[in-house]
Amino acid sequence: MTPITLNHYLLLSAVLFSIGTAGIFLRRNLITLLLSVEIMLNAVNLTFVAVGRFNGSVEGQIITFFVMTVAAAEAAVGLAIVIALFRHRETLTPDAFTSLKW
Amino acid sequence: MPTIDSALVFQISLILVVFFALQISAAVLVYLERKIAGWAQQRVGPNRVGPLGLLQPLADIVKLIFKEELRPKAADTWLFYLAPILSATTAFAAFAVIPFGPPTTLFGLLDRPVPLQVADLNVAVLVVFAITSMGVYGIVLAGWASNSKYSLLGGLRSSAQMISYELAYGMSLASVLVIANTLSLRDIVDQQAGVWWVAGFLPVPQWYVFLAPVACFIFFVAGIAETNRAPFDFPEAEQELVAGYHTEYSSMSFALFFLAEYVNMVTASAVTVSLFLGGFYMPFLPDWLGPLWFLMKLAVLLFIYIWLRWTLPRYRYDQLMDFGWKRLLPISIVNLLVTAAGVLYWS
Amino acid sequence: MTPWLFYLFATITVLCSLAVIGQRNPMHSVLLLIGSFIALAGLYVGLDSPFVAVTQIVVYAGAIMVLFLFVVMLLNAPREDVAPGAQVPIPGGIKAFGSVLAVGMAATLLWALSKLVSTPFTQDAQAGARVASVRDIGIMIFRDHAFAFEVTSILILVAMVGAVVLAKKTV
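Protein chains in written order, with my numbering: chain A, 1 to 102; chain B, 1001 to 1347; chain C, 2001 to 2171.
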């Protein structure tokens, strides 16, 4: 088998990112939307770590920690919003939240 | 003829030994728990099966195996069976990084010394932490998949409790890491060999419990909460939730939860022993008997676990949250700061 | 990293992620994502980054996902197909627009990846050890990136307060 190169990791990351993007567009459930964002963030993390290893520096890992922190903040606020919305409409379908449209 | 790598054979047999030792320890603990409960309540405890009731765990296992496997009709089949497996797996996995003896050649059987530890990682402490944090899923899933109100309440309680106490757990862990300056459990244990001479004549073992007593206490208390033992046994709380997350389980899947609870106790105690009580080192006593000293310390901690369960009443749920967030966490943060200042000052 | 391990973990990650967006039970989605994250942690170990791997499990799989699980259980979130209002059809124009965007993005990614030179990782153990050192990571975070670190902690604090305010019952 051919040795694993940086390209393998980047390709995997691209695939994961595309899956996350597709999830954002295809799903109609607020929780799954947030999960798709997490998939995308992880795809980016993988790129950072792989490139960092390729360059022989720890910077790639450091930015990964910052991304994780941001992901934690995003999840906390996002889920709080989901709870608040669910209290109003009893549904998780984004189509139901139309009050700001007019 | 292929040559057999003796180190590999040793490694595999080590894994098997640890695996079966943990299973046997769970059986022994079940017996001891019931005996100690008997003493605590001025009863005799199990005494019918075998001499002194010693075969009681065996009888329990046989009973559980031959029971009917029940599953609620509305349960989520996959998750319902995944939950106990997950619970038991995480309980066993965490023990892999714990060193329980010094490097040994097994009396000259091997060509080079092999450490008595399944896996020596340079981030071992964090691995323990990671596997512990995965353990919550078994209970939460059991609660959700059963599709029963008591189970769901047990699962919800468990997730909230685990998240709350994991913070204090991690903070007290961090103060040890600050002192030890390493993330490898083997290095941490090695640093606790030897004694200090207090005032020239009083020998004190170089254990971290004497350097960071507050961290040790918080770690132990948070460990009890993480393993869902009384007085923090909210996920199962018999008087409130029937049996909490495992209300709907029977037969072998119930046995797996049972096993997981006791193995978790052993693992949590083993981590405490390695971090604070010098692991397999005992001052003035030979190192090659390390596993014996390790077992002795483990036994003391496990006895305290059982003793606490039959002595203390359960907290109320809001008291539990209060205790975790308003007492344990602030104390552990202050303790971490003080420890860090001390390390800066004396190093 | 040995190739077959890479392919194993990569396959698990991709399949789990596909399943996350591919089915309608939010509970299963969350669990599959945890599986995907654990496989990613395996990939990080292969990249000589054990610290990131463990953090991935502690922070992502152990904390953030528990939060998701907690919310799904708390809301007893309905499956998507039975949720009221889920049957509203998507207008054709939006569908066409989305397809064009998707094709565009795939083309851009493929083009970018085709520009890459296929260089294998340096094999010397020294580079691996340099990347793997937790001490170096700590020094870099708390010395060179101290400002970013402090800003992140403020972000977390703001997010925490915001989450409490948002999720509180009586406004």
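Accuracy of the hints is not assured; some may be wrong.
Label-pair restraints from in silico Cβ distances [stated by the list, open to error]:
#	chain 1	residue 1	chain 2	residue 2	range
1	B	Leu-1308	C	Ser-2153	32 to 38 Å
2	B	Gln-1041	A	Pro-94	54 to 60 Å
3	A	Leu-100	C	Val-2164	47 to 53 Å
4	A	Ile-24	C	Val-2161	24 to 30 Å
5	C	Pro-2003	B	Glu-1068	46 to 52 Å
6	B	Pro-1103	C	Leu-2155	42 to 48 Å
7	B	Leu-1308	C	Leu-2008	39 to 45 Å
8	B	Ser-1251	C	Tyr-2007	35 to 41 Å
9	C	Leu-2015	B	Ala-1059	41 to 47 Å
10	C	Leu-2155	B	Val-1214	26 to 32 Å
11	B	Glu-1068	C	Lys-2169	41 to 47 Å
12	C	Ser-2153	B	Lys-1149	36 to 42 Å
13	C	Leu-2155	B	Gly-1342	52 to 58 Å
14	C	Thr-2002	A	Glu-90	47 to 53 Å
Keep in mind the hints are simulated off the structure, nothing from the lab. Ideal Cβ positions, reconstructed from N, Cα and C, are used throughout, including at glycine.
Results for each hint:
1. B:Leu-1308 x C:Ser-2153: 32 to 38 Å: 36 Å, holds
2. B:Gln-1041 x A:Pro-94: 54 to 60 Å: This hint holds: roughly 57 Å between Cβ atoms.
3. A:Leu-100 x C:Val-2164: 47 to 53 Å: Given range 47 to 53 Å: violated, Cβ gap about 23 Å.
4. A:Ile-24 x C:Val-2161: 24 to 30 Å: 27 Å, holds
5. C:Pro-2003 x B:Glu-1068: 46 to 52 Å: With a Cβ separation near 47 Å, Pro-2003 of chain C and Glu-1068 of chain B satisfy 46 to 52 Å, so the hint holds.
6. B:Pro-1103 x C:Leu-2155: 42 to 48 Å: Given range 42 to 48 Å: holds, Cβ gap about 46 Å.
7. B:Leu-1308 x C:Leu-2008: 39 to 45 Å: Cβ of Leu-1308 of chain B to Cβ of Leu-2008 of chain C: about 43 Å, so the range 39 to 45 Å holds.
8. B:Ser-1251 x C:Tyr-2007: 35 to 41 Å: 38 Å, holds
9. C:Leu-2015 x B:Ala-1059: 41 to 47 Å: Because 44 Å falls inside the window, the suggested range holds.
10. C:Leu-2155 x B:Val-1214: 26 to 32 Å: Holds: the Cβ-Cβ distance is about 30 Å, inside 26 to 32 Å.
11. B:Glu-1068 x C:Lys-2169: 41 to 47 Å: 43 Å, holds
12. C:Ser-2153 x B:Lys-1149: 36 to 42 Å: Distance hint for Ser-2153 of chain C, Lys-1149 of chain B holds at roughly 39 Å.
13. C:Leu-2155 x B:Gly-1342: 52 to 58 Å: 30 Å, violated
14. C:Thr-2002 x A:Glu-90: 47 to 53 Å: Between Thr-2002 of chain C and Glu-90 of chain A, where Cβ atoms are some 51 Å apart, the hint holds.
Hints 3, 13 from the earlier list are contradicted by this structure; the remaining hints agree with it.
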